[in-house]
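Number of protein chains: 2
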Amino acid sequence: MHSARFLASRLVSSEVSPLFHRFSGCLVTNTPRPSGCITLRKTAKIPSRKITTTSSRCAQPASSAFDDHAALYADHNWSRSIPITDVSKDPDAKMVVVQWEDGDSQRYPNVWLKSNCHCEGCYSKGAHGKLKYTQHLDLDIQADVVSITQDGQVLAIKWSDGHMTSVPSNWLRCNRFDQSDRDPVADAKLDLWGSDVMSSSRLRTFEFDELMQSDEALLDWLSEIKVLGISLVKNAPKMSHQIHKLADRVGYITPSTFGTHSDVMVVEGGDMLGFSNGYLMPHTDFSYYVSPPGVALFHCIKNTSTVGGDSLLIDGFKAAMELKTDHHDAFNMLTKHEIEHVAISVNKKITQQGFYHHARHPLIRLDALGQLKQITFNEIYHASLFRVPVDDVIPMFSAIKAFNKILLRDDNVFKYKMKAGDILTFNNHRMLHGRSAFSTDIGSVERHLQTCFVEWDCVLSKLRVLKKSPSENLE
Amino acid sequence: MHSARFLASRLVSSEVSPLFHRFSGCLVTNTPRPSGCITLRKTAKIPSRKITTTSSRCAQPASSAFDDHAALYADHNWSRSIPITDVSKDPDAKMVVVQWEDGDSQRYPNVWLKSNCHCEGCYSKGAHGKLKYTQHLDLDIQADVVSITQDGQVLAIKWSDGHMTSVPSNWLRCNRFDQSDRDPVADAKLDLWGSDVMSSSRLRTFEFDELMQSDEALLDWLSEIKVLGISLVKNAPKMSHQIHKLADRVGYITPSTFGTHSDVMVVEGGDMLGFSNGYLMPHTDFSYYVSPPGVALFHCIKNTSTVGGDSLLIDGFKAAMELKTDHHDAFNMLTKHEIEHVAISVNKKITQQGFYHHARHPLIRLDALGQLKQITFNEIYHASLFRVPVDDVIPMFSAIKAFNKILLRDDNVFKYKMKAGDILTFNNHRMLHGRSAFSTDIGSVERHLQTCFVEWDCVLSKLRVLKKSPSENLE
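Just so you know, the sequences run in chain order X and E. Using the working numbering, you'd call the opening residue of the first sequence number 1 and step up by one each time. Using the working numbering, you'd call the opening residue of the second sequence number 1 and step up by one each time.
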């Protein structure tokens, strides 16, 4: 295991040549041009390297749609792109056709170009927001004059209504409609793993104190949670409210029906299985929420049980990809049909107000482009209500069983006995976690975890802000 | 307008005969049997009425799948259902076929029946959760002996492995697979409205103090936010942190990048358009979040501007239904294609840490059954990135324009100038809100809103808990 000091961020721009390819297919994109997803590196062998900045990208042709935002951010002042060599009007299609020096070309609808005019009257640079709405747009607008300026770096358009719009070449290359690259942060290429994630030195560890002080360590740690789905923080003080400090470094805690955090320990008469010393089958948390929280911080304050109490951790995305390959019909069924989840409690020992949650999720959720988005799996809370055609019921149980079998296979379950001061941090939309049963003496607390959640919206925003910071400092 | 004292909850069970039908089609279900959605009543004319309880339902045949949960909750001790008259095994299909006295029948797969065994070894009554997982199930399990007991109220099964399972008739009738009724809370039938929502006395108002004290008022108020999408709370103290008190009555605030709440007023150099005195086009909040928060609480602490400053409120679901009827292709396009939303700020006056959010949403999101789920609309933050086939770009702009035109039509925009002490509460997944420009003197605060959000998971849970409370008290 390596500390943050010696390893560079895994969320790097895609134009840097890959050092090591470990997966033949990119999980998140299948576009023909250089992908917006993340190049995987063998982290254990990467030397320390500066985080790629916007400034360094300025000298390169843009290859990522995410540079769209970088362009907005930097007011389009990119120094150089591949030059535009030709531009023509297509009045019938109501489009402008752009051709570049490398032979690439793209059609751009007039109304889209006009809607993205960044002149002072159309766009607020301070607010990074549009001032003109679609209602103001003429769908039939035509380009009167199109021209190339600044050595091919800028396309200038005079519209039929007299308005002028200028857009940089780099920005045009970033915006290729359904052929645009994906967001290199949110859609980062993922690193899938099995039971040997720690023994093979792929699980990174971070010092609690370093995360409190260093933005570079913070960026590295959050990148790990995005790419590997899990990371281990060591040597946190063995007392309450350390996860709150860690969450504050990212942004803010998202509370739940249990409050800002839960104290997971044996609660006599606590009812929910988590508050016992029994076996907890690996699961995702808050499956009974319509919006299960994204990133989990589990702080081990005490774990002195002599037998058991191991954390059981599974990469749900790896299991889902296996299911897709080996049991394609089962995979399709689990992505198509929703499972109803219900959780009810009136137990005052674990919740002040009582709760009654009900949510529907496919066990495997795909995004609009068919890529893995979210695993939601906790059979304890599967309701009897089973909203599928009756003839799909047995195939659904068969599919769940097949998924279960892959998930729980020995080479997919990473076992780790947390030590006091450890904070396990992981993607609750991807990882399953559970624990083995453990010994306990009546009246004494043998195992105490304090847990909280931070939303992906918060984490992804922080990742982008941290990635930007170095270049901002240079400007 | 009427206070909560005189009006019963709108979230009532569907077996009660409807008093007034105002919509011919149910928005949330099209199943042939009695729908699980909510019967709409003309609220202004409804006399005070007790909330329907589980106890009162016990004497009725169950018609709602939601009673599934009620059954779990009450340990299946329902006093009476329509009796089962016949039960038979279908070994080839691995199912049991149940026939009732009224001629209705249903096939039940063996493995589903076994997985829902509620004996002590299979199910934790305290935790309301399953103890046996799919991995333990035999997909080929057969029923050895099926029998009807307790005057047709219970189906008893002896399985081929010797295990015994008993399930009540009512519970079986609730569980009809894809023909099951929908959740009467989460899938409540909605009441759509236009600019006359207040003048026609459909907008309900609630006294702040009453919501602080009365659970019945609380249930009524939350039901309004679910069914009508909007409700007005009056006479809150004209000072900070009143929305926090209101949120505490429901559960908890979901914070954002702005903290637990925002103080929306003119901030010199605040950058974001919300923090100016300009026109704000109606929009949903946090469109640039992957998970925009659900229910908004907007407290007017001050509004003394002499000109403008009206809130502009639009029922996005009504507009979407109009679009579906009048411009079906546009509706389909806006439900199919995702729009990219980006928001960036480094302005320390409005956010301590800076943010950089990016999310993709269809403007109109449907659920798995094709019903309206969520409107996400804020053109200010539409990114240039437009991930649709290039030939769909102009039709997409045309569709957005058509939706805009309906949204902003005079008879769809409810204008209301908030008074100090008002708290506007609404569904941010459905309602658009904006404001007209307003006059302001430099250096003085003319209009001050304090805003926060509560998640739907929290609100729906509270609704179910409140609905249950009366019956619990009777037991």
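Fair warning: there could be bad hints in the mix.
Remember, identical chains collapse to one label, so a pair may be satisfied in a single copy or spanning two.
Result set (PhoX-like, lysine-lysine): computed pairs, CA atoms no more than 20 Å apart in a straight line [claimed, not checked]:
no.	residue 1	residue 2
1	Lys89	Lys132
2	Lys238	Lys417
3	Lys234	Lys158
4	Lys401	Lys132
5	Lys405	Lys132
Keep in mind the hints are simulated off the structure, nothing from the lab.
Verification of the hints:
In this assembly of identical chains, the alpha carbons of Lys89 and Lys132 never lie at most 20 Å apart, being 24 Å within a copy and 66 Å across copies at closest. When the C-alpha separation of Lys238 and Lys417 is checked against a cutoff of 20 Å, the pair qualifies only within one copy, where the shortest distance is 16 Å, while the shortest distance between copies is 53 Å. Proximity of Lys234 and Lys158 under a CA criterion of 20 Å is satisfied in neither setting, with 60 Å inside one chain copy and 53 Å between copies. Within a single copy, Lys401 and Lys132 get their C-alpha atoms only as close as 53 Å, which misses the 20 Å cut-off; across copies the closest is 12 Å, which meets it.
Taking the closest pair of Cα atoms, Lys405 and Lys132 come within 20 Å of each other only across two copies (15 Å); inside a single copy the shortest separation is 54 Å, beyond that limit.
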